[in-house]
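Chains A and B, in that order, give the protein sequences.
What the first sequence shows, in numbering that gives the first Met the number 0, is residues 0 to 113, in sequence order.
What the second sequence shows, in numbering that gives the first Met the number 0, is residues 0 to 233, in sequence order.
In short, the hints are calculated from the structure, not lab data.
Positions of the beta carbon are idealized from the N, C-alpha and C atoms, including for glycine.
Hints are supplied without guarantee of correctness; some may be wrong.
Derived contacts from chain A toward chain B, CB cut-off under 7 Å, selection only [claimed, not checked]:
#1 L17
#2 V22
#3 A24
#4 V34
#5 V44
#6 G45
#7 P82
#8 E86
#9 E110
Beyond 10 Å from chain B on every Cβ pair, some chain A residues (computed) [to be verified]:
#10 A18
#11 R26
#12 T32
#13 E35
#14 S37
#15 G38
#16 P43
#17 D51
#18 N55
#19 E57
#20 A68
#21 V70
#22 A78
#23 S79
#24 G103
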Amino acid sequence: MTDPALITPRRPADVLSLALDWVYAGRKVAIATVVETSGSSPRPVGSNLVVDGDGNFEGSVSGGCVESAVVGAAQDVIASGAPALLEFGYSDADAWAVGLACGGRIHVYLERIE
Amino acid sequence: MKRELLETLVAAREHREPVVLARGLASGRQFIATLREFAGDDDDVDPALRDAARAALDCEGARSVTVGAEAWLLQTLVEPARIVVVGAVHIAQALVPMALRTGYAVVLIDPRTAFASEERFPGIRIDHRWPGEAMPDLALDPQTAVVALSHDPKIDDPALEAAMDSDAFYIGALGSRGNQAKRRERYAARGYTDAQIDRIHGPIGLPLGGRSPAEIAVATLAEIIQARYRPRDQ
């Protein structure tokens, strides 16, 4: 069996085309998009994350700070079909709260693929 | 988002065409503009939105506009930058998957089918024509890099000459300093100017000191990234 690490990818890494592959495979899919940033933020407006109904995800909307919260919120969006606009800001009071360590603020739009 | 819109977005990127996704941040309505069409959730489109989306086709990135009473996010997706790899050698086997993972599209050219085999490059678009035939079909635009890795002037030279005649943002050629000097002489004899020949990065890659094929691939990809974002540091 071929070592998976040696398998050549077949096309440029791109979250949106991966999302479409997941849809074709019959998975329930939501796409998260960074629609607004202020201050220091690791990923620019337009960055995407794709999530399926089992919580699998690819891509990013931050440096890893808020992805878990987005994946969690995506389950509601996938179940209900209603899009959501999430806001994340700086959080240092509680190490477990969801926030951006860099001090920035981002808005993330979550939508189900119909 | 409707699946048809996502399909249009992905298809535009695969065809190397710019596409603008417009989202109404209050209503959630979405429209897509390409050079040829404007499509979306319904037919009730404010002409001002259509004009703003079409105007945004030229500018990569995202911006907000207010149309009527609603804020719209216009997100412009441009085609991925592309690397034309000439010579299906060991370095290419390392460079191609790294380039794809970095988000670059890849075209591999080598008429030697034993080198450019499906087994060595699974799933990659391979052109088995000689570069003299293959390059004119590629429309080498300012989003394209050309790297010549074959070490064989019969294969590399036509590719590099096509690249020098194009708007490619990066041209690189594998080979020792001695071979680069001979290359300069050949191209000068064929009428290429110093300015054109100076566009060729050779020896290829940032001077990281690596020797293995994969290390040379890293240096090459790093130089391509630098050429794309910080051309003045070259």
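Okay, the hints, checked on the actual structure:
1. Below 7 Å, beta-carbon pairs count as interface contacts, and L17 (chain A) has none with chain B, the closest being about 9 Å; its hint is therefore violated.
2. The closest approach between the C-beta of V22 (chain A) and any C-beta of chain B is roughly 6 Å, which is under the 7 Å cut-off, so the hint is satisfied.
3. A hinted interface residue such as A24 (chain A) counts as satisfied when its beta carbon comes closer than 7 Å to some beta carbon of chain B; here the least separation is about 13 Å, so the hint is violated.
4. Nearest Cβ of chain B to the Cβ of V34 (chain A): about 5 Å, under the 7 Å cut. The hint holds.
5. Look at V44 (chain A): its Cβ gets to within about 4 Å of chain B, closer than 7 Å, so that hint holds up.
6. Of the supplied interface hints, the one on G45 (chain A) holds, with its beta-carbon coming within about 5 Å of a beta-carbon of chain B, less than 7 Å.
7. With a cut of 7 Å, the hint placing P82 (chain A) at the interface with chain B holds, because the nearest CB-to-CB distance is about 5 Å.
8. Hint on E86 (chain A) is violated. Least Cβ distance to chain B is approximately 12 Å, over the 7 Å limit.
9. Restraint check, E110 (chain A) versus chain B: the minimum CB separation of about 5 Å is within 7 Å; hint holds.
10. Not every C-beta of chain B lies more than 10 Å from that of A18 (chain A), the closest at about 6 Å, which undercuts listing it as non-interface.
11. Consistency note on R26 (chain A): stated as away from chain B, and its beta-carbon is indeed over 10 Å from all of that chain's, at 12 Å minimum.
12. A beta-carbon of chain B is positioned within 10 Å of the beta-carbon of T32 (chain A); the least distance is around 7 Å.
13. Not every C-beta of chain B lies more than 10 Å from that of E35 (chain A), the closest at about 8 Å, which undercuts listing it as non-interface.
14. Listed as outside the interface, S37 (chain A) is consistent with that label: its C-beta sits roughly 12 Å from the nearest C-beta of chain B, beyond the 10 Å cut-off.
15. The beta carbon of G38 (chain A) sits about 17 Å from the closest Cβ of chain B, which is more than 10 Å, so the claim that it is off the interface holds.
16. With a least beta-carbon separation of about 8 Å from chain B, P43 (chain A) fails to lie farther than 10 Å from that chain, contradicting its non-interface assignment.
17. The beta carbon of D51 (chain A) sits about 14 Å from the closest Cβ of chain B, which is more than 10 Å, so the claim that it is off the interface holds.
18. Every Cβ of chain B is farther than 10 Å from the Cβ of N55 (chain A); the closest lies at roughly 18 Å, confirming the non-interface assignment.
19. The beta carbon of E57 (chain A) sits about 12 Å from the closest Cβ of chain B, which is more than 10 Å, so the claim that it is off the interface holds.
20. Every Cβ of chain B is farther than 10 Å from the Cβ of A68 (chain A); the closest lies at roughly 20 Å, confirming the non-interface assignment.
21. Here V70 (chain A) stays apart from chain B, with its beta-carbon at least about 18 Å from theirs, past the 10 Å limit.
22. Distance to chain B confirms A78 (chain A) as a non-interface residue, since its nearest Cβ pair spans about 17 Å, more than 10 Å.
23. In this structure S79 (chain A) is separated from chain B by more than 10 Å, as the shortest Cβ-Cβ distance comes to about 13 Å.
24. Distance to chain B confirms G103 (chain A) as a non-interface residue, since its nearest Cβ pair spans about 16 Å, more than 10 Å.
Hints 1, 3, 8, 10, 12, 13, 16 from the list above are not met by this structure, while the remaining hints are.
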